[in-house]
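Chains H and S supply the protein sequences, listed in that same order.
If you read the first sequence in my numbering, its first letter stands for residue 30, the second for the next number, and so on.
If you read the second sequence in my numbering, its first letter stands for residue 9, the second for the next number, and so on.
Since the hints were made in silico from the structure, they are not lab data.
All residues carry an ideal CB built from backbone N, CA and C; glycine is no exception.
The reader is advised that the hints may include incorrect statements.
What the hints assert, rightly or not - Sample of chain H residues lacking proximity to chain S, with all beta carbon distances greater than 12 angstroms (derived):
hint, residue
1, 223
2, 445
3, 513
4, 556
Unchecked claim - Chain S is faced by these chain H residues, among others (derived, beta-carbon under 8 angstroms):
hint, residue
5, 95
6, 111
7, 208
8, 249
9, 440
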Amino acid sequence: MANDPLQIKKTPTVYDVIIVGSGAGGGMAGYVLANAGVKVLMLEAGPFFDPAKDSMQLKWPWDSPRRGAGTNRFFGDFDAAYGGWTIDGEPYTQKGNSNFQWFRSRMLGGRTNHWGRISLRFGPNDFKPKRHDGVSDDWPITYDEVKPYYDKVDRLIGVYGTVENIENEPDGIFLPPPKPRLHELFIKQAGDKVGVKVLPGRGSVLTEALPGNKDRNACFYCGQCGRSCKIYGDFSSSSCLVIPALKTGRLEVVPNAMVREVLTDQEGLATGVSYVNKQDMQEYQVKGKIVILAAGACESARLMLNSKSKRYPNGLGNSSGVLGKYLHDSTGTSSSGILPHLADRKRYNEDGVGSVHIYAPWLKDNSKLDFPRGYHIEFGGGMNMPGAGYGGYVPRVNGLIPGKDGKMKPAGGYGASLKEDYRRFYGATVGMAGRGVALARETNYCEIDPNTVDKFGIPVLRFNYKWGREEILQAKHQQETFAEMLHAMGAIMLHGNAGADTDYGLDAPGWIIHEVGTARMGDDPKKSVLNKWNQAHDCKNLFLVDGASFVQQGDKNPTWTILALSMRTAEYILSQKQKLNIG
Amino acid sequence: MNRRQSLKTLGLSALSVGTLLEACQPTDTKSKTGAAGSADGGTGSGESGAGQNEAAPTVPGREAWEVKRDQQLMKDKFFTEAEMATITVLVDIIIPKDDHSGSASQAGVPAYIEFVAKDEPDNQIPLRGGLRWLDVQCLDSFGQPFVHCTSAQQIALIDQIAYPDKADPAMQQGVAFFSRMRNLTASGFYTTQMGVDDLGYAGNHPGKWDGVPADVLQQYGVENVKV
């Protein structure tokens, strides 16, 4: 076997649909199509992952030799992500001084196994931003066109929240939200003082049983959604879409399948894909009548750019030259502080849900500000499970806050007095993070690095990304707002108030893991890769259902919109069955 | 989750007991791809043996390379016995036994620090060098390495490096070393059962979150705050 010459293994089966990727977009498309009787093959670059068996939920810090530190996995040993910012043998490169950070989860369900479950709809202005304020481009679709799909996603998957009737923060079909924790009540008070409206969170966690669903249980409030959920109490594509779709018998999943390129025929239609099986390192080709890419905005762009032929010399579906361009990730900055009045607080279990209990949507009037659009705020804090690094702030704040005896002492220390301080300041911190609009720019892009391949011989992506003035000024506003809120709460700041030297604490692009836009949709085939159904202008049986199709991100996390648009595309494919010659 | 925790769970949880218990069973990894309905024939289940293949995970929820790396780290040894003896004295100075809980060494903190030094090798030079710095200081001042000094002598030295804002600038390297040791000690102590119990963290089991207890709302005067 090991000495056999390399050959390509071809399967005679012609699938109705081949889906590349099993995250939010791929999972939803697979779920809808398999349930409609379509024969679907799904290829996933990582291993099979079932949260019921593989989740690290309810483990204690001492169950990890590094106590859950992020040495092996960036977000810690218990986080449900195989992969991360770097993957051995699968590099990506930068052009010039670009520093785009690319997080990849190679596993069934992709990054939905560990995501924050914050489930916000885009609003009417998010789909028509140019019409609203004259900056960046409009989507070819409106909120009203997507609304029915958001509604169906809400019913299918479940999301908690409250009806607020805010125009650009559309309400959904909500389960009850979790009640606020103590520090969240202080945040609400601070918001009232400084003019930031704080609302109950919106998250895809089942705070009640989901009507009509017997495969999932209601949340038991361990606060560990990031580890994925053994009882399927939150949304992961693995638990809620792919594994249920397998039960239809119409979906097959090949794990460890790293797709190399999309195959096309002389007419330019997609005929299937080729992949390397990471377990046996053999080459395979599979055939399908339709190919759906859902590998993640950058990976799907990479695949298309690498699918070159005489007909598609610049990469499949790239006659516009737009493929890879308009890459954009959310902005992010953060601040934190300690609340002296929470010292020696009473202990009780406040784990709650693993998504946000509260958040602050963007409601400010941009005409009075020096940047377009805005950001929402996510909040943290409270009596969390201690993990590696616990207490690092204590030898600093014990010199800033008087002891029980009312006396100040020098920061630092050791012994019984320090041990008392570790107890005293437990659960007294608060944190806040902004997640905001970055503008989609033609000049921010990923492309194929002409000189570099990964260990499978697949040419890798090279990034070119630079924040603009708009993002930097927005970051400044975030930092000022957080400082104001922390001050209003009586907090002593632990970090924040970042200055111009760091672009006001603005995280590197990619860091928020909301990257979208690399194959944007549009009515004009010269300026976009996909039409409004996520169908390639150049290749009618090729679809993209991940974040690649986004024209312009809103001040919302992208997942709920990826799910809604993927469902919409899958239903479009079903409606076009005859034309597309499937099922 | 072990059986004790599973059972603890049962009294507190309204969720399906069967589901949770099943979820807590160790799983047979071989059945994993079988249950996946992996593709037929030649597409997915090719035989391995090419020598460069990626091994399937053998521990549920862990990648093969993680398991291998951790096993290797456990086997390796970084600190000498003399260094470990010094670490043991230091961590107990930082977190001694008190009315609430035992000492850092009783909680196994020295072994944790040994692991971290290998897991995050950036610690190696500062820790090894810092331990030597400490011994040389003690030799100069007391004619003995740190562990052989009297408690009073040890504390006299620690007092010079335990308070960053007050320390003599000439002792700055010692301050940096002690701050690192202090953080590692807290990290190692509060992530054990003993440390978690000491802090009074009350979660990590299934339950029902029903908001802030009434007496706490009252204590902070936020009974009427509504989100």
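Comparing the hints with the structure gives:
1. With a cut of 12 angstroms on Cβ distances, residue 223 of chain H stays outside the contact zone with chain S, its closest approach being about 15 angstroms.
2. The Cβ of residue 445 of chain H does not lie farther than 12 angstroms from every Cβ of chain S; its closest approach is about 5 angstroms, which violates its non-interface assignment.
3. No beta-carbon of chain S comes within 12 angstroms of the beta-carbon of residue 513 of chain H; the shortest separation is about 19 angstroms.
4. Residue placement check: residue 556 of chain H keeps its beta carbon more than 12 angstroms from all beta carbons of chain S (closest about 38 angstroms).
5. Checking residue 95 of chain H against chain S by beta carbon gives a least distance of about 5 angstroms; that is within 8 angstroms, so the hint holds.
6. The interface hint given for residue 111 of chain H is met, as the beta carbon of that residue sits about 5 angstroms from the closest beta carbon of chain S, less than 8 angstroms.
7. Because the smallest distance between the Cβ of residue 208 of chain H and any Cβ of chain S comes to about 4 angstroms, under 8 angstroms, the interface hint for this residue holds.
8. Against a cut-off of 8 angstroms between C-beta atoms, the interface hint on residue 249 of chain H holds, since the closest Cβ of chain S lies about 4 angstroms away.
9. At about 6 angstroms, the closest approach between the beta carbon of residue 440 of chain H and any beta carbon in chain S falls short of 8 angstroms, and the interface hint on this residue holds.
The structure does not agree with numbered hint 2 stated previously, though it agrees with all others.
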